[in-house]
Structure formats: C-alpha cells, structure tokens
Amino acid sequence: QKEVEQDPGPLSVPEGAIVSLNCTYSNSAFQYFMWYRQYSRKGPELLMYTYSSGNKEDGRFTAQVDKSSKYISLFIRDSQPSDSATYLCAMKDAGGTSYGKLTFGQGTILTVHP
Amino acid sequence: DAGVTQSPTHLIKTRGQQVTLRCSPKSGHDTVSWYQQALGQGPQFIFQYYEEEERQRGNFPDRFSGHQFPNYSSELNVNALLLGDSALYLCASSLGDRGTSPLHFGNGTRLTVT
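In order, the protein sequences belong to chains A and B. When the letters of the first sequence are read in order and numbered with the numbering used here, they come out as residues 3 to 116. When the letters of the second sequence are read in order and numbered with the numbering used here, they come out as residues 117 to 230.
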C-alpha cells in the first residue's frame, strides 16, 4: 500500500464548475500538507501549504486537512481552462530527521473545457 | 527573482553511460533536494543536500550520487545508466534543513536512456 493515495483521474469538468481533488494517507506522522500544480513539460508549482488540520483559502483555491481521517482536499471554485493541469498532493512529517523529504501522490489530471 | 534553474533541459544517453545534471536554487535558498518523476507518477525523493552534506536519502541505489557547492548549487550524478532511469529529474530548493520551508521546483531535466 502506498503512503499517499490519489485518484489519477482523468477528471473533466466544464468551465465555472467547482472541482474537488482528494488524497488519503496512511502515515500519521505527516504534519505538513501541500498541493502542487504541474503543467505539461513543467515542474510542480506550489499552490497551497498548510500545517496540521484545518482549512486554508487563497483566491479560488481552498485546502482542507482532516488528520483524524487522514484525508486532504483541494477545492477549485469557478474553474478556468487555464486550471487544466496535473494536481499533486504532497506531505511531510515534522520529525527531527525528516528534513525536507516530500511524499507525493500519483497526481490527478484535470481538464476544464470551455 | 530567479527561481530554480536546471540544466540541461533534455538529455539522451545510452545504457551504461554516466550523466550529470545541474541545479541552481532559488535566490535566498540554501537547501537542495532531488526528485525523480516517472511518466504518469508523482515525484520520488532521491536525496537532500544542506551545508554541502547529504542529509537524507530515499530508496535509490548508490549509482545515484550528488554534490552541493559552497554557492548552494547542486549536481546529481547517475552512473551505469539503466533503461529504467529514464524520467524527469526535478530539483527543488528551500530554506533551512528542518523541512518547514516549502519546496520550490525547477522545470526539470528530461533524461532518456536508450
């Protein structure tokens, strides 16, 4: 079983829809949770960075973390064709020897069509 | 403000050869991590360098080695290349070695082994 599970999709939605992307994880030591967006032939771009449980909002993006369920989500409101990309969830623990190692999900391919 | 830069962008090598990939971190960052991303998969952690030392290593054989220079730039070396080493190699930089600073990625080097 992978430490981080993410449905690869693909997910196709009409412009203006609300998109929900999710990841589950098994390692209870994870404390930092991130969402990255990756366009084709580019590196991952950091979208959201959260610590522990709760919600965080940034413009059209909302990240939710539920540590009790080991479940994180990213919501995209008013989705645009420019949001079409692969979305990667990533996590890391806060242990003294963990340094900066991120554990990623497989990525979800999202297409927003006009 | 320059982001993470990687060179070369593409590389084709033959099985058994050796390759060196290069990375310059984002301005102000002092920590460099390397990741391998196979097609359709999330990035996998190779190792992290801080203060010119390897601080943490993922599940990669010792054919993969690295170096960090006093100016914080870094190299990834892969010896005795295998077909399975074909992937996108991503460099990420951050501030400090405690893992609390978010990682910023470059656009990667796409390595093809024939």
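None of these hints come from the bench; they were simulated from the model. Among these hints, one or two may not hold up.
What the hints assert, rightly or not - When the alpha-carbon atoms are kept at most 25 Å apart in a straight line, the in silico BS3-like pairs for lysine-lysine are as follows:
no. : chain 1 : residue 1 : chain 2 : residue 2
1   : A       : Lys69     : A       : Lys58
2   : A       : Lys4      : A       : Lys72
3   : B       : Lys142    : A       : Lys4
4   : A       : Lys4      : A       : Lys69
5   : A       : Lys69     : B       : Lys142
6   : A       : Lys72     : A       : Lys58
* Hints the structure violates: just list their numbers, smallest first. => 3, 5
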